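For the record, the sequence lines run as chains F and D.
Its first residue numbered 972, the first sequence is counted upward by one per residue in my numbering.
Its first residue numbered 45, the second sequence is counted upward by one per residue in my numbering.
Read the hints as simulated data drawn from the structure, not as lab findings.
Note that this is a predicted model, so its numbers are computed, not measured.
Not one of these hints is a red herring.
Taking CB as the label site, the calculated pair distances span:
(1) T1048(F) <-> V258(D): 28 to 36 Å
(2) N997(F) <-> S373(D): 50 to 58 Å
(3) L175(D) <-> H1090(F): 40 to 48 Å
(4) V97(D) <-> P1009(F): 52 to 60 Å
(5) E1106(F) <-> A76(D): 55 to 63 Å
(6) W174(D) <-> K1052(F): 27 to 35 Å
(7) S373(D) <-> T1028(F): 33 to 41 Å
(8) S110(D) <-> G1122(F): 53 to 61 Å
Some chain F residues near chain D, calculated using beta-carbon distances under 7 Å:
(9) T1027
(10) R1055
(11) F1061
(12) K1063
(13) L1082
Backbone N, C-alpha and C fix where the C-beta goes; we use that ideal spot for every residue, glycine too.
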Amino acid sequence: MGVGIRVENLNAWYGKTQALQDINLNVQANHATALIGPSGCGKSTFIRCLNRMHETTPEARVEGKVKIGEHDAYDGTSATKLRRRIGMVFQKPNPFPTMSIYENVAAGLKLNGYHDRKHLDEVVEKSLVSSALWEEVKDSIHKKSGASLSGGQQQRLCIARALAVEPEVLLMDEPCSALDPISTGKIEELIFELKAQYTIVIVTHNMQQAARVAEYTGFFLLGRLIEYGKTEKIFTNPSDKRTEDYITGRFG
Amino acid sequence: MANHALFRPQMTGPQPVAGEKIKRQDSPLLNASDGVFADRVFAWAILACAVIVLAILVLIVWQLVSRSQLSWHAFGWKFFWGQDWDPVNDHYGALPFVYGTLVSSLLALIIAIPLAVGVGVFTTEMCPRWLRGPLSFTTELLAAIPSVIYGLWAIFVLVPILRSYVQPFLAKTLGWTGLFEGPPYGIGMLAAGIILAIMIIPIISSITREVLAVVPQHQREAALALGATRWEMIRIGVLRNARAGIVGGIILGLGRALGETMAVTMVIGNRPEIAKSLFAPGYTMASVLANEFSEAAGDLYLSALIEIGLALFLVTIIVNALARFLVWSVTRGQPARARA
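Build the full structure now, drawing on both the sequences and the hints.
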């Protein structure tokens, strides 16, 4: 089951440039939360702070508090442990090209020290089923490489790979921006089903997508969280003028 | 979802500007020559370049084959299995040289691969930025040292160290394997393997560095986001993706090791015998050619040396073909972009 996320006074920098300023946000467990905003507004940086991927960028720095469930993400323990509880799907599908479909999905489990063949078989099938890819690839999971799939299939493979370790939170950084409308539709359906079991945070440029899949929406602008609330409210009756301007297409 | 709170601002597109009319002119390029002739000349010229390279190769093979006929008729296939190299009685067998070349190169690879790949991984993945430039520059500088200098260095520095410290230690700890026994001369197969390793490290490590640098960042992030440690990230997100390129670098290094003449000749001991121990002196194909070609009296002697040249050529081709097959077999079924 998913857990909630509490973010308090989060600041992030790339070198001397401040990318996030005083973000405070509560993400509800087992719901989908969408983050929207123009390019460069900090929404990707924000979700990269949640699983501490931000600090892998040279000269990047974070201050503030992030709680994943009861666990403090920045309490000095290893980022590796934290990332094993949080799945992440990137903008560009990035399966491991030298691994088969099976190995791709099993990669996270193997990192966690699971090598029991039967257990792996089960988890791989389950993950591919829940990422709605199983039917399309079940005959060739050992034969085909992860890179031989189509773009949309690759992205679902990446979702399966993230789900295989049974994370509590699933972060998605513009997961559909490299995909065609049909693949996008499939991924959105998938998000809809997955949010029953996982807490999902999705960054998107596509406002309709945010409206379709998410119960909560946050609007970022210039490194600040301008407005956060129920998706319906954000899109129909935003309380901030800047949010209104953005969602009506007046800028961005 | 309906947006009732909003109104659309009036927006007009670009408007025509009043002023001078632009006159239409024929493009000056329409009158230029279409370049078909030049294109054809270029095509022939580059075809000639390609053909010349092939022709040189064919000439070399033909020369080696035709001039080794005498030895071929005298010994046949036995030339390659014979262990005797006896110019006095005009009896020649090339096996000790083939053995020496293969063993010294293999030894060089065993020593060089982990070191070179380690250097490559360190410079791309872990090295602080300010150290990256100097480090790769110095590794590449190793490749620019003439091989006779390597030979001299080996004789004056490496061999004494081997003789007084390394070989006694190896004999004591690993002597039971039979690979490290006999008197520690310093000079011998081990010295040749080590000097070859030092010479091929820059080749392998610079190619490794380059193929690692083109592994897309998103592969590293994919591994990290799964909770990989830095080493696991390098293993599954970087090395795995670059392995075809790394093997390519190893092949280039191997090619250099097989053909290297000067430095090896100076330290291998130049004795045409097959010994199990790596301390024993040996001989390579390239070294025997360099040492004996100028003093080869007698047609059969000369012909035998040329046949060794042919054998070296064949061994190099076979090793390269095997290595290429290896690359092909690990990259099969992958899209081209994964092939670094």
